[in-house]
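Spelled out from the first residue to the last, the chains are:
Protein chains: 2
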Amino acid sequence: MSGDIIIKGAGSAPGNAYYFDELEIGQKASFTKEVTDAGIQAFADVSGDSNPVHLDQGFAAEHTPFGGCIAHGMLSASFISTVFGMVLPGPGAIYINQSLKFRAPVKAGDVVTAEVEITDLIEKRGFAQFSTRCLVDGKVVLEGEATLMPPKR
Amino acid sequence: MSGDIIIKGAGSAPGNAYYFDELEIGQKASFTKEVTDAGIQAFADVSGDSNPVHLDQGFAAEHTPFGGCIAHGMLSASFISTVFGMVLPGPGAIYINQSLKFRAPVKAGDVVTAEVEITDLIEKRGFAQFSTRCLVDGKVVLEGEATLMPPKR
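These protein sequence lines map, in sequence, to chains A and B. All residue numbers for the first sequence refer to the working numbering, where the first residue is 1192 and numbers rise by one. All residue numbers for the second sequence refer to the working numbering, where the first residue is 1192 and numbers rise by one.
Just so you know, these hints were derived from the structure itself, not from any lab. Incorrect hints may appear among the rest.
Identical copies look the same in the list; a pair holds intra-copy or inter-copy alike.
No farther apart than 20 Å at their CA atoms in a straight line, the calculated lysine to any residue pairs in the SDA-like style are these [as the list claims (entries may be wrong)]: (1) K1330 to A1233; (2) K1315 to E1253; (3) K1343 to A1295; (4) K1330 to P1256; (5) K1298 to I1216; (6) K1292 to Q1320; (7) K1330 to N1288; (8) K1219 to G1258; (9) K1315 to I1287; (10) K1315 to E1334; (11) K1292 to R1316; (12) K1219 to M1340; (13) K1343 to A1252; (14) K1315 to A1233.
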């Protein structure tokens, strides 16, 4: 099934978000969604990125090492943002930064799981640090780090 | 007008992409697109991120410092990817990494310009390094750095 939230937010802030003091190092959340041709087309429409690598099988087969179309890397990245905005810390959290290392291509039919884990809590600034990654069949396709500011009490 | 490509790719690789040896430090490209309520809804649909901060004016007004809904930060980030995939280096370039520092919120009605500039060319690996930013009315809303691998001859 596509778009399932694996772990729902269960903090006491509005929208079931977590306040800073409800977070702890090692806390995890994830979100899984299938990438489809329709999703790739929708992402092309909303981003303006109609690069033939994503939309034209012939071009992608001939001019990339991937043998066919690949999804926009930012589509997988958006699933990381979904975990942050929907689950941990959840609604009201402010995105401070995100690094993205694209490790492998994602294709239509791949089921992507975005995982985030709290690696540090910076009390003075109210920031939570996360490691982030996306997996397809257990293989890392995208990884990085992020900083979020959870909602304040 | 939304979705205009300001500088078209003019390299000699397929899709008017630039080969590595056609790139030079200081080379720039940009892409401008208006963020709309429909675009925010479309991004929520494709990413699965239906965080009320993006979709529910009442929630966003009450529970964020922004006074109303803001766009997904990854929507602006996707415009940076659009410049890379469509213009410089253009189709066939492989995204290696991207850092994103979210500096200010973007709202429906804002016209976002994503700008990229080549800061270094790593001949040994065939990598091009870029500074990247998104602006609204001349104000930086998102900035970072990126590495791309342009198509090979």
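Against the structure, the hints:
no., hint, result
1, K1330 to A1233, "neither (25 Å within a copy, 28 Å between copies)"
2, K1315 to E1253, "neither (52 Å within a copy, 24 Å between copies)"
3, K1343 to A1295, "between (37 Å within a copy, 18 Å between copies)"
4, K1330 to P1256, "within (18 Å within a copy, 38 Å between copies)"
5, K1298 to I1216, "neither (33 Å within a copy, 32 Å between copies)"
6, K1292 to Q1320, "both (17 Å within a copy, 14 Å between copies)"
7, K1330 to N1288, "between (24 Å within a copy, 17 Å between copies)"
8, K1219 to G1258, "neither (34 Å within a copy, 30 Å between copies)"
9, K1315 to I1287, "within (15 Å within a copy, 33 Å between copies)"
10, K1315 to E1334, "neither (27 Å within a copy, 24 Å between copies)"
11, K1292 to R1316, "between (26 Å within a copy, 16 Å between copies)"
12, K1219 to M1340, "within (16 Å within a copy, 33 Å between copies)"
13, K1343 to A1252, "between (49 Å within a copy, 15 Å between copies)"
14, K1315 to A1233, "neither (40 Å within a copy, 36 Å between copies)"
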